[in-house]
Amino acid sequence: MSGETRDGRIVIVGASLAGLRAAETLREEGFEGELTLVGDEAHPPYDRPPLSKQVLLGRAGAGQCGLPARRELNATWKLGVAATGLDPLGKNVLLADGEHLPFDRLLIATGTRARPWPNPQEGALEGVFTVRTSDDSARLAAALDAGPRRVLVIGAGFTGSEVASACRERGLEVTVAERGRAPLIGALGGTVGDWATKLQRAHGVDLRCGVTVTALKGTDGRLTGAELSDGSRIEADVAVVCLGAVRNTEWLADSGLAAGPRGVACDAGCRVFTMYGIVTDDVFVAGDVARFPHPLFEYQLIALEHWGNAVAQAEVAAHNMISPGPRRRPHLAVPTFWSSQFGLNIKSVGVPTFSDQVVLAQGTPGDRRLVAVYGYRGRITAAVTVNRAKWLEHYQRLIESAAPFPPGPGAADHLADSEPVPSDVPDPRVLTHGPTVALTGHLPDRRLTLIRPAG
Amino acid sequence: MQIVVDLNRCQGYAQCVFLAPQVFELHGEEALLYVPTVPEGQDERVLRAAAACPVQAITVGEQAGEGAGVR
Amino acid sequence: MSSETLFRRITDYAHRADPYPLYAELREHGVARQEDGKYLVGTYNEITALLHDPRISSDVRNRTEPDPDLQPVEGLPPAFIGRDDPEHDRLRRLAMRPFGPPHSPGRIDTLLDDIARIAGQLADGLRDKERIDLVEDFAFPLPVTVICDLLGVPAEDIPQVHTWADTVVSGLDFAPGEDPGPRRRAAHEARMAMGLYLGGLAEKRRGRPTDDMLSALANDEGPDGRLTQEELMVTAVLLLIAGHETTVNLITNGMLTLLRNPEALERLRKEPELMPRAVEELLRYEPPVQFLPQRTPLADVEVGGVTIPKGVPLVLVLASGNRDPLRFADPDRFDPARRDNVHFGFGSGVHSCFGAPLARLETQIALTTLINCLDGPRLLEDPPVYRNSPVLRGPRHLPIGQTGR
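Residue numbers (full-length UniProt numbering), protein chains in the order written: chain A, 1 to 455; chain B, 1 to 71; chain C, 1 to 405.
None of these hints come from the bench; they were simulated from the model. One thing to keep in mind: the hints can contain errors.
[Stated by the list, open to error] Simulated pairs of lysine to aspartate or glutamate, DMTMM-like, Cα-Cα distance not exceeding 25 Å: (1) A:K217 - A:E122; (2) C:K310 - C:E65; (3) A:K198 - C:D89; (4) C:K270 - B:E62; (5) A:K91 - A:E173; (6) C:K270 - B:E44; (7) C:K310 - A:E419; (8) C:K310 - A:D417; (9) C:K270 - B:D6; (10) A:K198 - A:D427; (11) C:K270 - C:E87; (12) C:K310 - C:D128; (13) C:K310 - A:E400; (14) C:K204 - C:E221; (15) A:K198 - C:D224; (16) A:K217 - A:E173; (17) A:K91 - A:D104; (18) C:K310 - C:E87; (19) C:K204 - C:E189; (20) C:K310 - C:D67; (21) C:K129 - C:E35; (22) A:K198 - A:E400; (23) A:K91 - A:D281; (24) C:K310 - C:E46.
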């Protein structure tokens, strides 16, 4: 490694999972210069997945979810202060407290935030929550502890479904309102979504699909209920807004980078594009906020709100930040994620929404254990396991080797009569919640041409 | 001491639950839940669990950025 | 020599003390078809792929040509180790209910003190001996006492149980040239006798529950119902045999390895907190189950550029995968502090070892106790005399001398 890449000043904007793991990788691989992490939250890095699971179940406190360090960092932390701008020519990050933070190389890892309820007055009612930060989760857990008569969950993506699951396990009445025709449809398609519909109803969730919440109602500043688009009314003293995420890119609005509502576009090596599609060499991006080309998905730019992607991409970005060109690596990891809800372990590999068909490869539909395999134009592109995690890596191999869809026979627990059916992936616009995987197009197009997705 | 489990790697072998049942828990047959802040007196069990994980998915360490917060 | 004879050479008793050069030869050949039509796989990535491939059956009834060495006992169904999902899964879940999570998560943890106490008592008996047989004096009685207690087998019956277990295990041996008929018949009879005995113990406790696994298997009713009497018999036999034959070897191989690597032994004496990782390394370095002889593809399966045909015998050589230099740096070195040690010591995938957590704890406690109590231990025979089995490979006796006695 040349002295030049080993030294200098690196600033990481974003002090959550991706920012932390990138910082550790920089040091691990020999970076000896100045390292600064900037985070808008006052807390040191913490893990978010438990916030909608253990924490809401009362098994762990929201303040207990701190991330363990993999190694010593010798870094400067600026926590509780947001980045507000970037001067790419002067190589400065502007902070909310007025400081100008100079850098030689920059990593953008600002992630996402919960999409707020669109009506701010209604959203400000006591009893209305989102689940993204540690503080969000602490407040919601306290509200659930108080024993509300009914919880309204708005949006049945993974977060909404996990919240509904935790409420049912605590014995609380739950209504889930979803604009699409089934839960999880945005991530797993309608066919697997229909299975999730049965699952939620079997666990006593009052699931209302094909409807939107048109208004949240309150008295004396407290939530009392909601009106739905089908004319019905629901009484609820807690509402959890699970409308997906908004990418934290506003601070880059005047930076000239390809940053917009769909994220920050980069090349396979995590180098950020300018708004003209020209690659930079000193600005990198990783985690939820990044959109990057993936060869398994025809080099479309994809954005993944996945824990594993944040770690893997941060490691690649960090490596590339301190490596000369020929030593740089591409970020090619196959997307993977998990969710646990209603006592089931749901895991996925590949991108289920990049599909036209799905087949039940193992297990039986009525069972709580199964493997569903997705295909696109005759090639396997994804698999989802329910309480069958030990088989998942087999399907990952099939995805990586572009194996034909449907998979061949032979699995001992394969039902002879299971045939591929349409995976029924919806247009993202019909969902209440934003998808956790977004195929965002082929080109690092100018942000001026990006259309803000329907909220 | 903090722990985080890479649940993408986790395949539900549950060795950690056997070895540190007050920290790790199976929710249903396969989903793993855990207490991220290791409770008092459980350090040794947690280290045993981390060593035994067949897919090496458990990271144990001190809180990252400890002392850096402004709270 | 031809790679077609590898299986014959690996199972040849002459190579029992050190089969590792043969495993290296196997890895050179990738997937190696044998003279009798078996397929041998010994490379890490290929073994991983096959252990997680749902088309690979553990039920030998799926063989195109029945294997006389692996016939189930007439009148008894195969235990879950020889079944496929969904039946394997149901039987294993039922067996797990009284043993571990999600139904009994704390069961093994509560045995910690008992294991330490038994190990301590056995170690006390070693203190004044100039010459120890580690197998007879320690490595055998520890896990057998623990598993019998856990299952609910009375202590006075242990010698009988041991005789049966030995006979069953010797039925699994590969002895080229010998007529295996009598040995196999004896093994079947012992398995049946053991099943009837354990089934009888469970039957006595039906409706009169005691605090042991046989009682729980007979009485507890979960979402999957209960084991039938036949299922209970074969499950109990499996747990009892697997619960001690393998752990005996793990403890014995562990002490053998530490005595051959005095710097590792010294390091563990100074850093006892390393023991959990040292046991993982031992599971990689000297795994108690060297290979899985029972697998069969349910379709033509391509791996490592070779198509393994449907219905043929497939042998996964775990101990070879554990020494694959493409996966493990410096694989022939015993490194008690090794990181990223994703080994095949307990297999992997849905059939991964049921009793792994118990074996781990027993071995950690056993080796820690031995390191602390033995005074200047040294090997009196190296290599020691091995048991016959190439699968459950370990010394028959391990004579150890102590200085200062």
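Now the hints, each set against the structure:
1. A:K217 - A:E122: Holds, because 7 Å separates the two Cα atoms, which is no more than 25 Å.
2. C:K310 - C:E65: holds, 11 Å
3. A:K198 - C:D89: Holds. K198 of chain A to D89 of chain C sits at ~24 Å (cutoff 25 Å).
4. C:K270 - B:E62: holds, 24 Å
5. A:K91 - A:E173: Answer violated: K91 of chain A to E173 of chain A is near 53 Å, above 25 Å.
6. C:K270 - B:E44: holds, 17 Å
7. C:K310 - A:E419: holds, 23 Å
8. C:K310 - A:D417: Status holds; Cα separation ~21 Å.
9. C:K270 - B:D6: The given pair, whose Cα atoms are some 31 Å apart, is violated under the 25 Å limit.
10. A:K198 - A:D427: With a Cα-Cα distance of about 22 Å, the restraint between K198 of chain A and D427 of chain A holds, given a limit of 25 Å.
11. C:K270 - C:E87: violated, 47 Å
12. C:K310 - C:D128: Given that 25 Å is the threshold and the Cα spacing comes to 58 Å, the pair is violated.
13. C:K310 - A:E400: Since the Cα atoms of K310 of chain C and E400 of chain A sit roughly 24 Å apart, the hinted pair holds (cutoff 25 Å).
14. C:K204 - C:E221: Distance ~17 Å between K204 of chain C and E221 of chain C Cα, so the pair holds.
15. A:K198 - C:D224: holds, 21 Å
16. A:K217 - A:E173: holds, 18 Å
17. A:K91 - A:D104: Within the cut-off at roughly 7 Å; holds.
18. C:K310 - C:E87: Holds. K310 of chain C to E87 of chain C sits at ~21 Å (cutoff 25 Å).
19. C:K204 - C:E189: holds, 22 Å
20. C:K310 - C:D67: holds, 15 Å
21. C:K129 - C:E35: violated, 49 Å
22. A:K198 - A:E400: violated, 32 Å
23. A:K91 - A:D281: holds, 12 Å
24. C:K310 - C:E46: Measuring from Cα to Cα gives roughly 17 Å; hence the hint holds.
In terms of the numbered hints stated before, the structure departs from hints 5, 9, 11, 12, 21 and 22, listed from lowest to highest.
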